[in-house]
Amino acid sequence: MNTPVIQLRDVRFRYAKQNQDVLSIPDLRIYQGEHLFIQGNSGSGKTTLLNIIMGITLPDAGNIQVLDQTLLQLSSKQRDQFRVDYLGIIFQQFNLLPYLSLLENVQLPCWFSQQRRRLADDVEKTAMRLLGELQIPEILFHKPVNILSVGQQQRVAVARALIGQPNIIIADEPTSALDADNRQRFLELLFLEADKQNSTLVFVSHDIYIAQYFSRVIELSDINLVATV
Amino acid sequence: MTLLKIAAKSAWNRKISLSLAMISIAISILLLLGVDTIRKETKNTFINTISQTDLIIGARSGPVNLLLYSIFHIGDATNNVSYMAYQAISTMREVKWTVPISLGDSHQGFRVMGTNSDYFHYYRYANDRALHIKQGSPFVDIYDTVIGYDVAQKLNYQLNDKIILTHGIVATKHAQHDDKPFSIVGILKKTGTPVDRTVFVSLQGIEAIHIDWQSGTRSPLRISAEKASQMGLKPKSITAFMLGLKNKIDTFHLQRKINEYHDESLLAIMPGVTLARLWQSIGQFEQVLMIVSALVLITGLIGLLTTLLTTLNERRREMAVLRAVGAHAYHVIMLFMLESVFVVAGSCLLGVVLLYGMQYVLQPFIAETYGIHLGISLLDGQQILILMVAVLLSILLSLIPGLIAYKRSLQDGLMIKI
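Line order of the protein sequences matches chains A and B. Counting with the numbering used here, you get residues 1 to 229 for the letters of the first sequence. Counting with the numbering used here, you get residues 1001 to 1418 for the letters of the second sequence.
If you're looking for bench data, these hints aren't it; they were derived computationally from the structure. Bear in mind the structure is a predicted one, so any value in this text is a computation, not a measurement. We put the beta carbon where it would ideally sit given N, CA and C, even for glycine. Any given hint could be a false lead.
[To be verified] Here are the in silico distance ranges between beta carbons for each label pair:
# : chain 1 : residue 1 : chain 2 : residue 2 : range
1 : B       : L1399     : A       : Q212      : 48 to 54 Å
2 : A       : E133      : B       : I1384     : 39 to 45 Å
3 : B       : G1381     : A       : T70       : 37 to 43 Å
4 : A       : P98       : B       : I1302     : 23 to 29 Å
[Stated by the list, open to error] Keeping only pairs whose Cα atoms sit at most 25 Å apart, straight-line, the calculated PhoX-like set for lysine-lysine is:
# : chain 1 : residue 1 : chain 2 : residue 2
5 : B       : K1407     : A       : K143
6 : B       : K1005     : A       : K143
7 : A       : K17       : B       : K1407
8 : B       : K1005     : B       : K1015
All chains, full assembly: derive it from the sequences and hints.
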């Protein structure tokens, strides 16, 4: 494999007023084009790890590099910009803004990032293509998002994460609100689209059942050296 | 641009609560602007109670006192002006016109003013408004009278009604000029000035009713109305007189000349100056009104603040999504700012529209009832300042929810557990 796109070295983090670290990761490398599944139970520091990768929270110690950029060297504004330029993010639920249409929701990152706008080329067309590939019926494109099912909403969120070809897709338990059928379809489409634009996928979940679909699986407790209570 | 669009759509999504806040602020802005307009017009009407009269001359007393009794018919003259002095000043070369004023009698609590028909010609109020006779004509006969609008309204008088004047200000049975009734020949239009509450008769009429009176009581020697009218009466003195100049430049010069008049101690005042001085001492209530209105506006703005604060929790998710798609933390503050600027700018617009609408509808009524002429004009600098302060305050207040949301968005990061 080539050089890692994400690299954590001796990263430690603890929340204010706590006397124990939540994270202590000596070494984590994530490589270009990987589908990485990070499994961890709730409270194991999954979200904290993602926040550190996304530059939302800074580690207390250690070094974190994303796409050759040392996040600690960036100002908070630069980290915000870096995030939207290179990262597509999918939440567990409620990814969409209720007052925007489907199409507008998908285009959001391009409104804030010149780079994503440039890579998406014709932003609206690209958004429509992505929605179509994610099996969203075209009659819904200009509708408000609240008429969608949860499964559809999550697929719209995938389209938004993918638009403008960000290098890394970060997904935080995106399937937890989906039933088994929807979950499988969601994953297939996510992989397909991520591969199409050669994006690296970092997927975090407690659901060990879906781990089988990923090219690489990490148990968070294996790389996190914090003594579990 | 992006943020503006997002802020607009987000606000539209909460249009009901926001438009309620907008309406309540609009009403307080309407109140503030309305009070300001009325206060300015009231002041304007007051200052212009009498205009285009260059000097008012009476016996020497204080300027405010002279103004009060000659124009507002409040209080009494300490002394009279001799008719000789009046005639001497009238014929000075700088003088264009003079109108005599003779006070002292009353009718049902309304003051009676003896003058001549020039009064209706020269009296001006509200810059350049002349008196208009609503019904009838000025007096011709010695026992004719023209009454002000309020007098006719209050006492329900019609043309050709006969009225009895009372000697002095307080009505007593023994001091009625009941032997010489006056006939109403004219009723004036509403002016919003003391003219409305005045009964006008000729100087000769005043002389006629007093011909058989001496030092405040009726003499046993009675002279009938017909007889009195044929006597060719000349007044010996008047209370005060109004004076117009050929050239305004002479105002100070003539004022000094009259104040130093050697035969009699006289006082000449410039009505505009004295009115302004009087307003300063009685016009304090306008400030109280403005303060009350300003407080109402602040209440409205706090209402908006409450609306913004109550949405903070439900918007937590919205902020997280925006942060995830690249919005900076300061964008979050901007969203709240833009939203409250939308609301308050909308309120300002709505308030101004309401103000104009109400002025348009109420103008005839107010002019008729209070004699205040509310001109529909563009907002003046002060009123635009009020609107700008409102918008500025809204920006300042929006910092509160903005900063809270900003702080939360830093704490929450992108992941929010519902």
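Evaluation of the provided hints:
| no. | hint | in the structure |
| --- | --- | --- |
| 1 | B:L1399 x A:Q212: 48 to 54 Å | 51 Å, holds |
| 2 | A:E133 x B:I1384: 39 to 45 Å | 54 Å, violated |
| 3 | B:G1381 x A:T70: 37 to 43 Å | 56 Å, violated |
| 4 | A:P98 x B:I1302: 23 to 29 Å | 27 Å, holds |
| 5 | B:K1407 x A:K143 | 32 Å, violated |
| 6 | B:K1005 x A:K143 | 17 Å, holds |
| 7 | A:K17 x B:K1407 | 18 Å, holds |
| 8 | B:K1005 x B:K1015 | 15 Å, holds |
Hint check: violations occur at hints 2, 3, 5; the rest are consistent with the structure.
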